[in-house]
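So the chains spell out like this:
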Amino acid sequence: MDRKVWLVLGAVFAYLLSFTPCDRGASAQSPGQGASGKVIVGTFGGDTVKVLSETVDPVLAKVAPNVKIVYAIGMNTERMTKMRVEKDGASSFDIIHVNDRDMQILINEGLLLKLDEAKIPNAKKLFPSFRNDHYIPYNFSANVILYNKNKVSPVPTSWEVLWDPKYKGKIGIQTNLWTDHMYIAALLEGTAYQNNWDAGWNRMLKLTEQELKPFSSMETLGIALQTGEVWLTVTRRARAVQWAAEGGATLGNVLPKEGVYPVTFCAAIPKNAKNVDGAHAYLNALLDQKPQIGFAEVMGYTPTVSGIPLSEKVQSSIGFTDEEMKRIKPIDLIYVGKNDPKWKEQWDKKIISR
Amino acid sequence: MRFGLRVSRYFSYGAVTAILGFVLAPVVLVVWISFFSQQLILFPPKGYSLAWYQNILNQKNFINAFILSFQVALAATAISMIIGLLASIGLTRFRLPGKSTLQNLFLSPLVVPVIITGMAMYIFFIRLQRMMGIELVPSFMVLVLAHVIITIPWTVRLITAGLIGINAELEEAAMDLGASKWRAFWRITLPIIRPSIVAAGIFAFIFSFGNLEVSLMLVEPGESTIPIEILNYVFWKVDPTIAAVATVKIVITGILMLIADRVVGLSNVF
Amino acid sequence: MQRLNRIERPAQHDHLMRAERLRAVSLVSPATLLLTVMFILPLLVFVRFSFNQFVPGEFMKTAWTLENYIKFLSDPYYLRVLLRTIVISVTSTVLALVLAFPVSYFLARLRKRWKSLLIIIVVFPLLLGNVIRAMGWIAVFSQAGLMNRLLLSFGAISSPLQILQTPFAVTVVLAAVVMPYMILTLQAVIEKIQPDLEEAARDLGASTWQVFRLVIFPLAMPGILAGTLLVFVLCMNAYATPLLIGGPKVLMMAPALYSQIQDVSNWPLGGAMAVVLIGVTLATSALYSRILSRKYIRSFEGGTRV
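Residue numbers (my numbering), protein chains in the order written: chain A, 1 to 354; chain B, 1 to 270; chain C, 1 to 306.
If we strip away everything but chain A, and leave its shape as in the complex, we get (with noise of 0.2 Å):
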């Protein structure tokens, strides 16, 4: 019995010294001048790397065919902590990726690079309201009211759908949508662009008369539509179709009358990244025709840049007539990152908690 231990011991022994911490330092990164070398892109996992590593690598492969992408999966949370903790060093990204409002906070910061208009020449397609000078929005989806075709009669057309009682008890709320649903009650009481959206915590504080159901998973929220246990929710139209396509409920979606903001995706240039130029190769890259339509066909996500040839499927699904787009406008995201922990603890406590 002894002996048989020893041996246990002994291989693992021998397996760890065969593994030297070596084989897993940092590596040098070579010195580039033009775009060369590493860029390592912090961004999500799942569709979205996966996408990425599909479309934008091949075609920076074609025009930088020295810069090798690396790409670090996780979620918001550990960019936002790493781009504040690295600050004062080098940035352990070349290309981030976040959210537009998470965005705003950072050049609130002062931690993103200012872009190099020269260096981007896609920049120049995007559509006017995506265009800024510290992030490239890569590609966007706006909120619409989702619903099941054969319980919600007539279609709605307006957000005031969800306070109608009718549907007391079979509205689904995503708990973390509190900006997205903020904006909502004060678009209805017309103040959402004089940046009054205090407003509208009245007609929030109402809706909790409609018995909603939170859900904090998004997962839980596709199964009770499909299953019919909700007949209404506000999301993202790139979920809705997703949803839509799984199976059991006929869902349907509308972008109600009163309008609403766009979600972009954004991708940007830490202040203190090591591979500038090659970072923004990347972001041209982004832009470029292939993963504009590959966003577009995985994931719902509509191109930001003008003159992308979707097919037509993909294009009356996920994408949005140019009527729509005539009301989908963009919202002050200053104002909105300063009110938005009020807002969260105001939703938390009276709203999703009852």
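Please note that the accuracy of each hint is not assured.
Unchecked claim - Chain B is faced by these chain A residues, among others (derived, beta-carbon under 8 Å):
(1) G45
(2) E86
(3) E109
(4) L113
(5) G248
Claimed, not checked - What follows is a set of in silico ranges between Cβ atoms, one per label pair, in the way DEER data are often shown:
(6) A:K206 with B:P44: 35 to 43 Å
(7) C:T65 with A:A61: 47 to 55 Å
(8) A:A61 with C:S159: 25 to 33 Å
(9) A:G228 with B:I134: 56 to 64 Å
(10) B:N55 with A:D322: 37 to 45 Å
(11) C:V87 with B:I134: 28 to 36 Å
(12) C:L282 with A:G247: 49 to 57 Å
(13) A:D164 with C:L282: 18 to 26 Å
Claimed, not checked - Looking from chain C toward chain A, a few residues come up when the C-beta cut is under 10 Å (computed):
(14) F54
(15) P56
(16) G57
(17) D75
(18) Y77
(19) M135
(20) I138
(21) Q143
(22) A144
(23) V250
(24) D263
(25) S265
Derived by calculation from the structure, the hints in this document are not laboratory data.
We put the beta carbon where it would ideally sit given N, CA and C, even for glycine.
Keeping the supplied structure of chain A fixed, place chains B and C upon it in accordance with the hints.
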């Protein structure tokens, strides 16, 4: 009296089965779901298929993550067991001032919310890095050390429990017969507490393998561990693939435990 | 070689004592050093953050302020979160203890061959990881889940029950999640209780309940104390389970403080909440330890029973 005993015996069989079934319910469900043919997790399932397992083979990230998780857990467990053993001996065999403070210190990682641990370690190392001018994070060694820290409560606790129950007179008898203190320990005590050591190793391994928050901040770009991959996957969608990943994980670890059983006899362990 | 009689040689005795102490210190120093440098120090950095000022939309301003602690401790909403965490943790711990005992006893008295297998089975749920495990429970308890589906198909209920997002569900699932730890801890202790003692008691006419109350329970007390303490700490810090099973309606401390850090970048408040959570956990554990050890156990150290 006999009858009472028989009834209570059946009662205990029934109770044990029910309770175990309760504890194991999620395992059964996850394994079952991994064979569902449809993406939506509804009962009863429309059919069964192995498609999700095949899906894993296509995703190299899961396989690489599994390898890294395994390497980190193995290294961390080994180190944790050694220094846990040393610390346990120091705690139980000697009179030390501030013993209870030390005991609390060794248990402290359990008391701190893990996300704080992960973030705090990262921040600390970045600052240290700036001060010392050498690159510390992210690196394999720091990741392993971080995992050692979160597993120390287990190794210290379990080995201490084993050592407390040992009759010190056995060692003294050996020394009376001419053995040195070290030899007495090695030949007499160590074999007796080997089960506790193995138990410590198993718990430490499981804990390290399953840890998310510490690894999140300390893995190198382009690498990840299994819990990180799982978290990132379920953020976007939940389908039976993740159930398949989980099933593979427990099957492999279960096999490893069976091997450990062959070697030391797990019945002696706990 | 005769061993020296320590009482007869006082000078040598002192020297031995010092050597022993040195040995002891060197034994515990690797673990102590590692924990102090790589754990306690980083934590203190984070505790420092809890005194900073949070600036919405920007992040954190270096400061020395108590506003985060005041905010937490003066808001009934947050205090309710803390209280809820304690109550659920205590309940889950007690529930886990009660349910684990029969299984531990069974396991302790089992023959070796089956024991290994059963131990592996008991450990299986731990191998899933907390997130997947919670999702497994959701598949059982959700409105479209297995339990409701079965009850509906048997006609026991007419519309699905709302089980998730209730304190009941969180307590029960949390107890299930920590039970393997409790089972194995108790099992080790019960195993050491000689079956002869139980037989002797029975021969003297004790009922099963009396055997339990007078023989097994007191002798298993060290294991009960260790197990319940461990499980209580795990419950207080539980994250994935309350988040996914309880949701916003059953908010507990760990999900609440994570949310401050993740969703609004309020590290100061998150840090303050962590300090409060750690403090409360330590205080409750210390109190519990003291009460129980005074009542049932003379000393923890020693125990030279083979």
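How the hints compare with the structure:
For A:G45, the shortest C-beta to C-beta distance to chain B is roughly 3 Å, which falls under 8 Å, so the interface hint holds. This hint holds: A:E86 has a C-beta 6 Å from the nearest C-beta of chain B, less than the 8 Å allowed. At its closest, the beta carbon of A:E109 sits 16 Å from a beta carbon of chain B; the interface hint therefore is violated under the 8 Å criterion. Interface hint at A:L113: violated, since its Cβ lies 18 Å from the closest Cβ of chain B, which is beyond the 8 Å cut-off.
Proximity of A:G248 to chain B holds as hinted, the smallest CB-CB distance being about 6 Å (cut-off 8 Å). Between A:K206 and B:P44 the CB atoms are about 41 Å apart, so this pair conforms to the stated range of 35 to 43 Å. Between C:T65 and A:A61 the beta carbon distance is about 52 Å. The supplied range of 47 to 55 Å therefore holds. For the pair A:A61 and C:S159, the supplied restraint of 25 to 33 Å is violated, since their beta-carbon distance comes to about 57 Å.
Between A:G228 and B:I134 the beta carbons are some 60 Å apart, a value that agrees with the proposed interval 56 to 64 Å. Checked against the hint of 37 to 45 Å, the C-beta distance between B:N55 and A:D322 comes to roughly 38 Å, which is consistent with it. Between C:V87 and B:I134, the C-beta spacing of about 48 Å breaks the proposed range 28 to 36 Å. Judged by the Cβ atoms, the range 49 to 57 Å given for C:L282 and A:G247 holds: they are separated by roughly 50 Å.
In this structure the hint that A:D164 and C:L282 lie 18 to 26 Å apart at CB is violated, the actual value being about 51 Å. Proximity of C:F54 to chain A holds as hinted, the smallest CB-CB distance being about 8 Å (cut-off 10 Å). With 10 Å as the threshold, the beta carbon of C:P56 comes within range of chain A, its nearest partner Cβ sitting at about 5 Å, so the hint holds. A distance limit of 10 Å between C-beta atoms decides the matter here; for C:G57 the minimum to chain A is near 3 Å, and the interface restraint holds.
Against a cut-off of 10 Å between C-beta atoms, the interface hint on C:D75 holds, since the closest Cβ of chain A lies about 9 Å away. Against a cut-off of 10 Å between C-beta atoms, the interface hint on C:Y77 holds, since the closest Cβ of chain A lies about 5 Å away. With a least beta-carbon distance of about 8 Å to chain A, the hint placing C:M135 at the interface is held under the 10 Å criterion. A least Cβ separation of about 6 Å between C:I138 and chain A falls short of the 10 Å threshold, and the interface hint therefore holds.
About 5 Å separates the beta-carbon of C:Q143 from the nearest beta-carbon of chain A, less than 10 Å, and the hint is met. At a threshold of 10 Å, the smallest CB-CB gap from C:A144 to chain A is about 5 Å, leaving the interface hint in force. Because the beta carbon of C:V250 sits about 9 Å from the nearest beta carbon in chain A, less than 10 Å, this interface hint is met. Hint status for C:D263 relative to chain A: holds, with the closest Cβ pair at about 6 Å, below 10 Å.
Hint status for C:S265 relative to chain A: holds, with the closest Cβ pair at about 6 Å, below 10 Å.
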